[in-house]
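Colleague: Protein sequence lines, in the order shown, are assigned to chains B and Z.
So the first sequence is residues 1 to 157, counted in my numbering.
So the second sequence is residues 1 to 74, counted in my numbering.
Read the hints as simulated data drawn from the structure, not as lab findings.
Fair warning: there could be bad hints in the mix.
Straight-line C-alpha distance at most 25 angstroms; calculated DMTMM-like pairs for lysine to aspartate or glutamate [stated by the list, open to error]: (1) K96(B) / D8(B); (2) K58(Z) / E108(B); (3) K62(Z) / D25(B); (4) K96(B) / E108(B); (5) K58(Z) / E22(B); (6) K96(B) / E22(B).
The calculated label-pair distances, taken between Cβ atoms and stated as ranges, are [unchecked claim]: (7) A144(B) / L49(Z): 38 to 48 angstroms; (8) A67(Z) / R109(B): 40 to 50 angstroms; (9) D111(B) / A48(Z): 31 to 41 angstroms; (10) T52(Z) / D141(B): 19 to 29 angstroms; (11) T147(B) / R53(Z): 19 to 29 angstroms; (12) R37(Z) / D141(B): 40 to 50 angstroms; (13) E127(B) / L49(Z): 12 to 22 angstroms; (14) A67(Z) / D78(B): 14 to 24 angstroms.
Quick caveat, the model's predicted, so the values are computed rather than measured.
Glycine included, every Cβ here is placed at the ideal spot set by N, Cα and C.
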Amino acid sequence: MFNHFTQDARWVAHDGPQIARELGDSSVEAEHLLVAIARRDDAAARVLHAAGLDEDAIVAALVAETERSLAAVGVSADSLTFSPFVETPRFGRSAKWALELALRIALERGDRRIGTGHVLLAILRAERGTVPRTLAIAGVDREALATEIRSSVVGRP
Amino acid sequence: MIDLSSPEDPADGLAAVVALRRLAERLEAAEVERAMRAGWSWPEVAEALGVTRQAVHKKHAKRLIAAGVELRRR
Chain B
1 MFNHFTQDAR
11 WVAHDGPQIA
21 RELGDSSVEA
31 EHLLVAIARR
41 DDAAARVLHA
51 AGLDEDAIVA
61 ALVAETERSL
71 AAVGVSADSL
81 TFSPFVETPR
91 FGRSAKWALE
101 LALRIALERG
111 DRRIGTGHVL
121 LAILRAERGT
131 VPRTLAIAGV
141 DREALATEIR
151 SSVVGRP
Chain Z
1 MIDLSSPEDP
11 ADGLAAVVAL
21 RRLAERLEAA
31 EVERAMRAGW
41 SWPEVAEALG
51 VTRQAVHKKH
61 AKRLIAAGVE
71 LRRR
């Protein structure tokens with residue numbers, strides 16, 4: 001599936017499982033791909049950084065989203081310490097969906113390569129779930145971010 | 001402190017389900033490790049969790065061995 005991915009996009013697919021494991025998660029989800037994009041230094045990453053979303057800021061917003069969601073049902077939890085899992089986490093539904101959608105977005109646009117911008121657009125397409133809630137907590141306008149990516153990253157003059 | 005009240009917005013309730021699943025996974029990782037460090041055996045941990053010995057071993061053994069936890073065989 002990664003044949004038409006740019007080198008940066010391949011790194012995102014590579015780093016996603018690593019980031020999931022670092023965060024103690026047992027499956028790779030769209031939010032881990034988002035962190036992986038922020039870890040790069042390409043045009044898509046720079047749009048994220050300009051919106052205040054560097055790697056640390058996204059992770060902080062993810063933690064805040066979890067705390068807020070737990071608080072909504074009256075649960076609070078201190079951060080748990082445990083030795084990390086050694087197996088590589090598998091791709092979960094939201095991450096698979098984002099990579100497949102990135103491919104479709106590139107096809108629809110007639111782009112030959114799938115870059116981090118396409119993956120980011122796919123991640124931003126989700127209206128429900130962890131990523132949009134996390135972006136809202138970070139004070140980021142999801143639609144505006146997608147527009148910026150379309151015009152300055154994957155857009156062709 | 002769990003009050004099991006439902007949030008007004010279903011989006012918040014569903015997000016809580018996602019967060020609780022992740023929390024349960026982490027809590028299991030932390031507590032299985034604590035028990036094994038305290039000298040519990042795999043069958044004891046499995047019985048306490050209500051799962052098979054194979055299941056708990058498969059899920060946690062590699063991680064605990066990599067972390068240098070001394071494990072009881074029985």
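Colleague: Evaluate each hint against the coordinates.
Modeller: Outcome of the hint check:
1. K96(B) / D8(B): Holds, because 17 angstroms separates the two Cα atoms, which is no more than 25 angstroms.
2. K58(Z) / E108(B): At roughly 43 angstroms apart (the allowed maximum being 25 angstroms), E108(B) and K58(Z) break the hint.
3. K62(Z) / D25(B): holds (16 angstroms)
4. K96(B) / E108(B): Holds, because 18 angstroms separates the two Cα atoms, which is no more than 25 angstroms.
5. K58(Z) / E22(B): It holds: about 20 angstroms lies between the C-alpha atoms, which stays within 25 angstroms.
6. K96(B) / E22(B): holds (19 angstroms)
7. A144(B) / L49(Z): 38 to 48 angstroms: holds (46 angstroms)
8. A67(Z) / R109(B): 40 to 50 angstroms: holds (46 angstroms)
9. D111(B) / A48(Z): 31 to 41 angstroms: violated (53 angstroms)
10. T52(Z) / D141(B): 19 to 29 angstroms: violated (48 angstroms)
11. T147(B) / R53(Z): 19 to 29 angstroms: violated (54 angstroms)
12. R37(Z) / D141(B): 40 to 50 angstroms: Holds, at about 46 angstroms.
13. E127(B) / L49(Z): 12 to 22 angstroms: violated (36 angstroms)
14. A67(Z) / D78(B): 14 to 24 angstroms: Between A67(Z) and D78(B), where Cβ atoms are some 20 angstroms apart, the hint holds.
Against the hints set out earlier in the document, violations occur for numbers 2, 9, 10, 11, 13.
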